[in-house]
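Visitor: Okay, here's what each chain looks like letter by letter:
4 protein chains.
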Amino acid sequence: MQELKDTQSEADTRNISIDRVGVKGLRFPIQIQDKLNRIQSTVATVSLAVDLPEEFKGTHMSRFVEALHQHGPLLDVHTALSIPRELLGRLSASRSHVEMEFPFFRAKAAPVTGREGLMDYVVRFEMEAEAGDRLADFKLTVVVPVTTLCPCSKAMSSYGAHNQRGIVTYSVRFASRPVWIEDLIDLVESCASCSLFSVLKRPDEKWVTEKAYENPVFVEDLVRNVALKTQSHSAFSWYRVEAENFESIHNHQAYAVIERDLRS
Amino acid sequence: MQELKDTQSEADTRNISIDRVGVKGLRFPIQIQDKLNRIQSTVATVSLAVDLPEEFKGTHMSRFVEALHQHGPLLDVHTALSIPRELLGRLSASRSHVEMEFPFFRAKAAPVTGREGLMDYVVRFEMEAEAGDRLADFKLTVVVPVTTLCPCSKAMSSYGAHNQRGIVTYSVRFASRPVWIEDLIDLVESCASCSLFSVLKRPDEKWVTEKAYENPVFVEDLVRNVALKTQSHSAFSWYRVEAENFESIHNHQAYAVIERDLRS
Amino acid sequence: MQELKDTQSEADTRNISIDRVGVKGLRFPIQIQDKLNRIQSTVATVSLAVDLPEEFKGTHMSRFVEALHQHGPLLDVHTALSIPRELLGRLSASRSHVEMEFPFFRAKAAPVTGREGLMDYVVRFEMEAEAGDRLADFKLTVVVPVTTLCPCSKAMSSYGAHNQRGIVTYSVRFASRPVWIEDLIDLVESCASCSLFSVLKRPDEKWVTEKAYENPVFVEDLVRNVALKTQSHSAFSWYRVEAENFESIHNHQAYAVIERDLRS
Amino acid sequence: MQELKDTQSEADTRNISIDRVGVKGLRFPIQIQDKLNRIQSTVATVSLAVDLPEEFKGTHMSRFVEALHQHGPLLDVHTALSIPRELLGRLSASRSHVEMEFPFFRAKAAPVTGREGLMDYVVRFEMEAEAGDRLADFKLTVVVPVTTLCPCSKAMSSYGAHNQRGIVTYSVRFASRPVWIEDLIDLVESCASCSLFSVLKRPDEKWVTEKAYENPVFVEDLVRNVALKTQSHSAFSWYRVEAENFESIHNHQAYAVIERDLRS
Numbered sequence: 001m002q003e004l005k006d007t008q009s010e011a012d013t014r015n016i017s018i019d020r021v022g023v024k025g026l027r028f029p030i031q032i033q034d035k036l037n038r039i040q041s042t043v044a045t046v047s048l049a050v051d052l053p054e055e056f057k058g059t060h061m062s063r064f065v066e067a068l069h070q071h072g073p074l075l076d077v078h079t080a081l082s083i084p085r086e087l088l089g090r091l092s093a094s095r096s097h098v099e100m101e102f103p104f105f106r107a108k109a110a111p112v113t114g115r116e117g118l119m120d121y122v123v124r125f126e127m128e129a130e131a132g133d134r135l136a137d138f139k140l141t142v143v144v145p146v147t148t149l150c151p152c153s154k155a156m157s158s159y160g161a162h163n164q165r166g167i168v169t170y171s172v173r174f175a176s177r178p179v180w181i182e183d184l185i186d187l188v189e190s191c192a193s194c195s196l197f198s199v200l201k202r203p204d205e206k207w208v209t210e211k212a213y214e215n216p217v218f219v220e221d222l223v224r225n226v227a228l229k230t231q232s233h234s235a236f237s238w239y240r241v242e243a244e245n246f247e248s249i250h251n252h253q254a255y256a257v258i259e260r261d262l263r264s
Numbered sequence: 001m002q003e004l005k006d007t008q009s010e011a012d013t014r015n016i017s018i019d020r021v022g023v024k025g026l027r028f029p030i031q032i033q034d035k036l037n038r039i040q041s042t043v044a045t046v047s048l049a050v051d052l053p054e055e056f057k058g059t060h061m062s063r064f065v066e067a068l069h070q071h072g073p074l075l076d077v078h079t080a081l082s083i084p085r086e087l088l089g090r091l092s093a094s095r096s097h098v099e100m101e102f103p104f105f106r107a108k109a110a111p112v113t114g115r116e117g118l119m120d121y122v123v124r125f126e127m128e129a130e131a132g133d134r135l136a137d138f139k140l141t142v143v144v145p146v147t148t149l150c151p152c153s154k155a156m157s158s159y160g161a162h163n164q165r166g167i168v169t170y171s172v173r174f175a176s177r178p179v180w181i182e183d184l185i186d187l188v189e190s191c192a193s194c195s196l197f198s199v200l201k202r203p204d205e206k207w208v209t210e211k212a213y214e215n216p217v218f219v220e221d222l223v224r225n226v227a228l229k230t231q232s233h234s235a236f237s238w239y240r241v242e243a244e245n246f247e248s249i250h251n252h253q254a255y256a257v258i259e260r261d262l263r264s
Numbered sequence: 001m002q003e004l005k006d007t008q009s010e011a012d013t014r015n016i017s018i019d020r021v022g023v024k025g026l027r028f029p030i031q032i033q034d035k036l037n038r039i040q041s042t043v044a045t046v047s048l049a050v051d052l053p054e055e056f057k058g059t060h061m062s063r064f065v066e067a068l069h070q071h072g073p074l075l076d077v078h079t080a081l082s083i084p085r086e087l088l089g090r091l092s093a094s095r096s097h098v099e100m101e102f103p104f105f106r107a108k109a110a111p112v113t114g115r116e117g118l119m120d121y122v123v124r125f126e127m128e129a130e131a132g133d134r135l136a137d138f139k140l141t142v143v144v145p146v147t148t149l150c151p152c153s154k155a156m157s158s159y160g161a162h163n164q165r166g167i168v169t170y171s172v173r174f175a176s177r178p179v180w181i182e183d184l185i186d187l188v189e190s191c192a193s194c195s196l197f198s199v200l201k202r203p204d205e206k207w208v209t210e211k212a213y214e215n216p217v218f219v220e221d222l223v224r225n226v227a228l229k230t231q232s233h234s235a236f237s238w239y240r241v242e243a244e245n246f247e248s249i250h251n252h253q254a255y256a257v258i259e260r261d262l263r264s
Numbered sequence: 001m002q003e004l005k006d007t008q009s010e011a012d013t014r015n016i017s018i019d020r021v022g023v024k025g026l027r028f029p030i031q032i033q034d035k036l037n038r039i040q041s042t043v044a045t046v047s048l049a050v051d052l053p054e055e056f057k058g059t060h061m062s063r064f065v066e067a068l069h070q071h072g073p074l075l076d077v078h079t080a081l082s083i084p085r086e087l088l089g090r091l092s093a094s095r096s097h098v099e100m101e102f103p104f105f106r107a108k109a110a111p112v113t114g115r116e117g118l119m120d121y122v123v124r125f126e127m128e129a130e131a132g133d134r135l136a137d138f139k140l141t142v143v144v145p146v147t148t149l150c151p152c153s154k155a156m157s158s159y160g161a162h163n164q165r166g167i168v169t170y171s172v173r174f175a176s177r178p179v180w181i182e183d184l185i186d187l188v189e190s191c192a193s194c195s196l197f198s199v200l201k202r203p204d205e206k207w208v209t210e211k212a213y214e215n216p217v218f219v220e221d222l223v224r225n226v227a228l229k230t231q232s233h234s235a236f237s238w239y240r241v242e243a244e245n246f247e248s249i250h251n252h253q254a255y256a257v258i259e260r261d262l263r264s
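Top line first, the protein sequences correspond to chains A, B, C and D. Residue numbering for the first sequence is 1 to 264, as defined by this note's numbering. Residue numbering for the second sequence is 1 to 264, as defined by this note's numbering. Residue numbering for the third sequence is 1 to 264, as defined by this note's numbering. Residue numbering for the fourth sequence is 1 to 264, as defined by this note's numbering.
None of these hints come from the bench; they were simulated from the model. Possibly wrong hints are sitting among the right ones.
Chain copies aren't distinguished; within one or between two, either way the pair holds.
Claimed, not checked - Derived BS3-like pairs (lysine-lysine); straight-line CA-CA distance at most 30 Å:
| # | residue 1 | residue 2 |
| --- | --- | --- |
| 1 | Lys201 | Lys139 |
| 2 | Lys24 | Lys201 |
| 3 | Lys211 | Lys57 |
| 4 | Lys139 | Lys108 |
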């Protein structure tokens, strides 16, 4: 085979290092080990990147994809950091960044009839590693759809209250050991007017309607409820919670955000 | 200037004519003349296409963009068909197709306080023309967000009722003269539990909450209400109405569709 | 338990039947049996609907989700129609419609080095059934990303030729037995300037660059190539092929469509 | 009129202040004054937010929308900060945040024939203000589509080179006076293999094809070129540049990011 020029390895004279270079929008089937120790198959959208020192013209893009394939599909909150660590060696990098976002499912029983259905969530892993183990950052995000019922609308109206689907995007860093995805979802769902279900029979629908009416929350309440529960845990070193309400009375969203570093 | 090869005009021997060839995803600033005879500036996403007979290898893509630029930004429901007609000549085509989708705004006063705010909708023009005026099809679509409150949830529950934002996609063809975009939006909004507003003060919020509670509709009711009003008009020769509810109790949508040809 | 009102089953007096009513945007983990007889786990976005006669006020939305759960995750091109058939009975409907869209993966070896990587595609099943087996429609769609290199740019330029990623959306109905998803993908990929790969080492990149340069295609050529291959098969009773090029020299897309009924 | 309860103004006892609360996804027609002193009409997607001290239960969402309406549609890089400043007073806030994203158009002549066409870009304003003028942050982002041609593919291949549409997202903060949107776009376009055009006749297509072939850039080169030009200006105090290539040979993207604070 002829010798092919390795343009990427050429010297670069611009004296500008690159913070992050890699691939994005790669779809890859993965398996998540869940709290019940079961394996859940899903499909992730992945990005993989490393830093690039100023002296090199380019990185070797195919190695990112190879690293992902070699790691294989199995992933859990305890071992996820192995992927960015593999990148460090394979790309001769001093810092690496990996992001994986995927749908995550839980069997959830309807509140009165107990009928089971799968609820879907979005989960995101963001991981960074540095050579020499100087850094190992793991940020876990769950995107949890919920019901929110407006306290102001309830307080003013002779009957009824506007309510809607809201989306809570909840990200955490762990103080030490990771917390299960399922526990983060439970935490968020307990802070809304009511949680969502995929199957609801008539007695269940009555139950969720009344429960939401009894638990009105603004987006402000929702993020504060999540903040309080997070801060009362010792498991977290940082969190960010954003609630976004797809208002049933407007064509725009209401939103609120709290972010806190919990390291003293 | 050297003579450049015109690859598109070469003969094709595959004996397969092409139904539609052109450009898509082109953004273009337009001006819509509205019912109050005012000019509204907005931005359209445009596609332009013609048929291609089996004997030609390709069409001339730049001519589509030139035709759009030459037509200029002004558009209304009465003159829209001039764009596909211009394509016929410019591309030597026997059939042409143009689609334009854009945000459309209306000043709308809050129901009690009268505070004005702009409500945004999506409007789509789909137009077809044939050489020799054998065809001139104009399909007008309005996408109208509304409030829907669930009749079943209201009937069963001791208090409250789940409600949510729904999206109604309403398309019509006209029997003769076009109907104003604003009138189509009014028709749809009058069929929902309540319509949406961009500005609502507290007395307005009480009003929309109670109005929605007094007017519960399933997606089935919503499309039937729109269907009834459409059929009672003599203005339309065809319609399609789809309602999609972003259920506040589920993470999926409920939807319903009715489509009818009204030519006897 | 108290007797809860069944609002949906009430009589409706508007005399308007509904073409399609159901749920949309439901995410569900599925398993696809592929050509190699292996089971592939992925995640589908599902819609399920039935017609509704004019005499009923509403359908029972929870039954759609229950039908999907009861069917279970396993799906293949031969048995897919069982889902719409189950809906007919469960919803007492005369016509049902099911749509499932999901990422689909294939191991694909790089053309020179043979390195394997997973290529991702999008696959869509659209199925309709009618009571009494009067209808059983199955439309299979594969969305295949490819390389397209412009013949005109190549013919005119002293060196180089603009090329880009294109997306081919190819839908078929079968004359009798279904064709494997993999075979439809192969058919489309063979019609482009070159097919895509997830892993390419330097000798592979040289190969795909030169192959694309040797095989320039317009969007017009691409859809005609697919059309020719489809028509030379006896397996299909109908097809539609759309090619959309994300032009590297424009900020809009070029596109072309051919649709044909092949029943004589 | 009856006295309606003001739930938002009630006391909150959770002792958690909220970083940002407001509205999102609001569409609003705006007018941008451009470098040629012309007014360009377009449509923005807007978010408006303030901080909320721990002692208040909620903010007053309608005031955000009223503030936007009262400001009116006219916007330019010099006066944009007036919107967040208005929010401070109207919402009794100590900090406010406004984001506006909109399509932006420029007439651009084809390189050989001089034919004019409109090129579309995306522009984003992100603005923060603090009470007492302690802060006035303005971040301007332009999203510029370009052509990128791969240096490695060109170096290795006997003919041709893969190229594709890339997207450069370029954000800056100004050292003192703002720089025109048009100048930021020019800066980015000059760093790519070639810039894009909406209208290209055959001689123009030959020109852009050859120009791209003569100027191959990796995503790494593209962000470094933008970085160099930014750093050689005294106009900027901070920048971030991200390039994302929709690779014509892969179904994923290559990307690179550089971010620098330029205050010494």
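Visitor: Hint numbers the structure violates, sorted upward?
Guide: Those not satisfied come down to hint 1.
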